[in-house]
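Protein chains in written order, with my numbering: chain A, 1 to 285; chain B, 1 to 298; chain C, 1 to 232.
These are calculated hints, taken from the structure and not from any lab test.
Note that CB positions come from ideal geometry on N, CA and C, so glycine has one too.
Any given hint could turn out to be false.
Which residues of chain A face chain C? A few of them, derived with a C-beta cut under 8 Å, are [to be verified]:
| no. | residue |
| --- | --- |
| 1 | 93 |
| 2 | 94 |
| 3 | 169 |
| 4 | 170 |
| 5 | 172 |
| 6 | 173 |
| 7 | 175 |
| 8 | 177 |
| 9 | 178 |
| 10 | 179 |
| 11 | 180 |
| 12 | 183 |
| 13 | 192 |
Partial list, derived from the structure: chain C residues whose beta carbon lies under 7 Å from chain A [unchecked claim]:
| no. | residue |
| --- | --- |
| 14 | 53 |
| 15 | 56 |
| 16 | 58 |
| 17 | 60 |
| 18 | 88 |
| 19 | 89 |
| 20 | 93 |
| 21 | 99 |
| 22 | 101 |
| 23 | 112 |
| 24 | 115 |
If you anchor each label on the Cβ, the simulated ranges turn out as follows [stated by the list, open to error]:
| no. | chain 1 | residue 1 | chain 2 | residue 2 | range |
| --- | --- | --- | --- | --- | --- |
| 25 | B | 17 | C | 74 | 33 to 43 Å |
| 26 | B | 175 | C | 59 | 19 to 29 Å |
| 27 | C | 28 | A | 106 | 48 to 58 Å |
| 28 | A | 7 | B | 195 | 50 to 60 Å |
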Amino acid sequence: MKIPEAAVERLFFLAALFCASLALFILVFMLVLGRPLLTGDFLPRLLTEPWLPDRGLYGILPMLVGTVSIALLALLLALPMSLGCAVLISVIRPPRFGPLLERVVEFLTGMPTVVIGFVGVFLLVPLLRENLDAGSGRCILAAAIGLAGLIAPTLILFFSDAFARVPAGWRQAAAALGCSRSQIFFRIILPHSLRGLASGVVLALGRAVGDTLIALMLAGNAVAVPHSVLSPARTLTAHIAMLFAADFESLEFKIIFACGLLLYLVSLLLTLLIRGLERRGRCRI
Amino acid sequence: MPDLKIRDGGTLGLTLFAWLSAFTLLGLVAVVLGFLLLKGWPALQPGLLFGDTPPLQALLLRRPVFDGLFPALVGTLALVLLAMAIAIPPGLAAGIYMAEYCRGRTKRLLGLLFDILAGIPSIVIGLFGLSLTIFLHRHLFPGLFPCLLISALSLACLVLPYLIRTTQAALEEIPLRIRLGGAALGASRLQNIFLVLLPQALKGIGSGILLATGRCAEDTAVIMLTGVVASAGIPNSLFGNYEALPFYIFYISSQYADRTELQRGYGAALILLLLCALLFLASRVVRRRLTRKFLYHH
Amino acid sequence: MKDGIRIENLSFYYGERRVLDRVAAAFPARAVSAVVGPSGQGKSTLLLAVNRIWEEIPGARAEGSVRIRLAGGELEVNDPGIDLPAMRRRVGLVFQAPNPLPMSIFRNLAFPLKVAGIRNKTEVASRVEKALKQAFLWDEVAGRLAEDARKLSGGQQQRLCIARALVLEPEILLLDEPTSSLDAAAAGIIEELISGLGKRLTLLLVSHSEDQVARLADKVFRLENGRLAATA
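Excised from the complex, chain A in its bound form:
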């Protein structure tokens, strides 16, 4: 049976088109359902007011603060350790331990977030509760630590990849000219892997901002604007997850879509940023 080639190609194309259009579909839904809120005078209120529906205040400022502070703190916590591990894997390269570490890290990328959250609830939160002045223990710090554990493997793999892509010829030339290991790293490897490092950071930031479970389980979900790392907080993602069978017509519900739209736009921005970084990386010699 002769299958007409053109038809099959058309079919494949339609599949690709359909999948690609999903990204747009999702945006459209968020826009349409959240649109009433994005009109001129409501928008500033949305972004700066606290969330007190009983008093008619529907601002998502507390959630914005929550998301940003937890994500940034997580990045801060994960960065040093991730750099160190990446240096070990790609620069120092101990013959047996190096590949072993790399495999363990790859394995860790598959760790379910809900399990990390679960361990956080029963191991980390009591620890914080008993040793620091952190109320119930569920706070920004707890969520940031959990999130750091989530993004560290991704950071390590991206960083070690960026280091490894520096051509071996440059490293050998520098070594033959009398550079010590640390000189080779700081003068040759690091300056030429900055773009890869930046991509990794942006990607990890995206994961941190977009994660729901860890923040939901460990950050406490209070609606007040947090004032310290030991205060409970709520992220945009957790806010969406906590839809309490709200009336679908209510303003509260529509706000959820504004949150969704915001998250979509942030992830869009980060995706474009990464693409931009990678494209510029390829243009250089």
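Got chain A sorted already, so can you dock chains B and C onto it with the hints?
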């Protein structure tokens, strides 16, 4: 062992920092896994899955299970199978299109859209699924509510970019000489794809599918908004509610009533971890196994 | 020890594969020695063993004794206690394929000086100029020292790498097929350079051209089947 033949302070500092980081990471992993094993191991008995119901009766679906993970496991299984069945055909087709037919601006545009899709937070995808349901409920199917089917469709949206990317990458990796070989023998483009390229790319595609399966199994955010509940028994219809393992774990963490339930939570966490670990390992084995097989054939 | 480089019982492995099997040789000081032989048998690897650069190659391993003579005494290269970067500044290596660093021409040459602690701008500039003149590259690049070194032609890049190795004024110079990527004219220039240097430095040259070796070398060795032997 650390390289001891170091003379200068800079290298010593860097090396120490690197080893310290590595051991800190491994230490934390050991603590987390150890904690989970310690608390979850005692829970791993048949009672964990089936509660008070005799296992055989439960497996034959004759009697419901109330205090066990069995419904959640079945729910996750059904969900994952359904989601993958929905996602694989378009995912593979799109991947083939990207690798074999597509060029230039179209390719860049499609690639961008796939990257955007991949970056969307899972909760937003869940929200999309929910809003789609509301929309359909209002205008076309008044009987439609968040359910197994909706969750599966939403999960499919979640993993679609993974499948497309791994398929595309697996095909693009194939060395030029193999591609040209098929064409030189007079094969049409389609024949080349199905008879030469796809078999070569099978290991990459297979490993991608296994990873995507793992992603479906562990996701909680999407299913939270599209139909999963804490207690629904075995899923008996595509249009009804269902239970799932990751949601169970989440639910228990905030709503456990007594020690037994907590124990079950640990057990569930351990099982989910094991499941994802197995899928991950399987994806790596698939990658390597098939490579060796092909090496011997060519 | 009167030799420039003396190798004893040297074995070299890439992973499990053994490339050199307990080879031994004595290369005279202040002379040009050459190693010839069929390709792929480890001639380049021999050079890698002299300044222990194999440590930068994952999977590579050398065992045995490599003693070198420098002003101030002799040194066992494989001694784990020596200051490796310092030794490598006195034993220059020119790789087979040119590997300019991702910097300007000037900075390629200034880099080893900076790393060695020489920061005085005038001194750096004069040493860079001297090295480029020695490698017969100065006239071609004097006006464009700030250009990226990777924009040079293959032959120019190779001369750049030779200049870079010379800027530290090493006492031993290792050259891996230095003229293989050069045209006849450029090759001739480099051969002239090698002859000149051979009077002051200990030079070890790997080459696949028996003619070149006959022209330049004071002593010739043949590496075949893992054995190194001096020929007339």
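Hint check results:
A cut of 8 Å between beta carbons decides the hint on residue 93 of chain A: the least distance to chain C is about 6 Å, and the hint holds. Annotation: interface hint on residue 94 of chain A violated; nearest CB of chain C at approximately 10 Å, more than 8 Å. Using the Cβ-Cβ criterion of 8 Å, the hint placing residue 169 of chain A at the interface with chain C is satisfied: the shortest such distance is roughly 4 Å. Annotation: residue 170 of chain A was flagged as interfacial toward chain C, and the flag holds, the nearest CB pair being 6 Å apart, inside 8 Å.
Residue-level restraint check for residue 172 of chain A holds (minimum Cβ-Cβ distance to chain C is 5 Å; threshold 8 Å). The interface hint given for residue 173 of chain A is met, as the beta carbon of that residue sits about 5 Å from the closest beta carbon of chain C, less than 8 Å. Proximity of residue 175 of chain A to chain C holds as hinted, the smallest CB-CB distance being about 5 Å (cut-off 8 Å). Given hint, residue 177 of chain A at the interface with chain C, holds; its Cβ is 4 Å from that chain's nearest Cβ, closer than 8 Å.
With a least beta-carbon distance of about 4 Å to chain C, the hint placing residue 178 of chain A at the interface is held under the 8 Å criterion. Taking 8 Å as the C-beta cut-off, the interface hint given for residue 179 of chain A holds, the closest approach to chain C being about 5 Å. Taking 8 Å as the C-beta contact cut-off toward chain C, the hint placing residue 180 of chain A at the interface holds, the least distance being around 5 Å. For residue 183 of chain A, the interface hint holds, since its Cβ comes within 8 Å of a Cβ in chain C; the closest pair sits about 6 Å apart.
Hint on residue 192 of chain A holds. Least Cβ distance to chain C is approximately 6 Å, under the 8 Å limit. At a threshold of 7 Å, the smallest CB-CB gap from residue 53 of chain C to chain A is about 5 Å, leaving the interface hint in force. The closest approach between the C-beta of residue 56 of chain C and any C-beta of chain A is roughly 5 Å, which is under the 7 Å cut-off, so the hint is satisfied. Because the beta carbon of residue 58 of chain C sits about 6 Å from the nearest beta carbon in chain A, less than 7 Å, this interface hint is met.
Proximity of residue 60 of chain C to chain A is violated relative to the hint, the smallest CB-CB distance being about 11 Å (cut-off 7 Å). With 7 Å as the threshold, the beta carbon of residue 88 of chain C comes within range of chain A, its nearest partner Cβ sitting at about 4 Å, so the hint holds. The criterion of a C-beta within 7 Å of any C-beta in chain A is met by residue 89 of chain C, whose closest approach is roughly 4 Å, and the hint holds. For the restraint placing residue 93 of chain C at the interface with chain A, the shortest Cβ-Cβ distance is roughly 4 Å, inside the 7 Å limit, so the hint holds.
The beta carbon of residue 99 of chain C is positioned within 7 Å of a beta carbon in chain A (closest approach about 4 Å), and the interface hint is therefore held. For the restraint placing residue 101 of chain C at the interface with chain A, the shortest Cβ-Cβ distance is roughly 6 Å, inside the 7 Å limit, so the hint holds. With its C-beta approaching chain A no nearer than about 4 Å, residue 112 of chain C sits inside the 7 Å limit, and its interface hint holds. Hint on residue 115 of chain C holds. Least Cβ distance to chain A is approximately 5 Å, under the 7 Å limit.
At roughly 36 Å, the beta-carbon separation of residue 17 of chain B and residue 74 of chain C lies within the given 33 to 43 Å, and the hint holds. Checked against the hint of 19 to 29 Å, the pair residue 175 of chain B and residue 59 of chain C passes, with Cβ atoms roughly 24 Å apart. Between residue 28 of chain C and residue 106 of chain A the beta carbon distance is about 52 Å. The supplied range of 48 to 58 Å therefore holds. Taken as a hint, the range 50 to 60 Å is violated for the pair residue 7 of chain A and residue 195 of chain B, whose Cβ atoms sit roughly 18 Å apart.
Checked against the numbered hints listed earlier, the structure breaks hints 2, 17 and 28; every other hint is satisfied.
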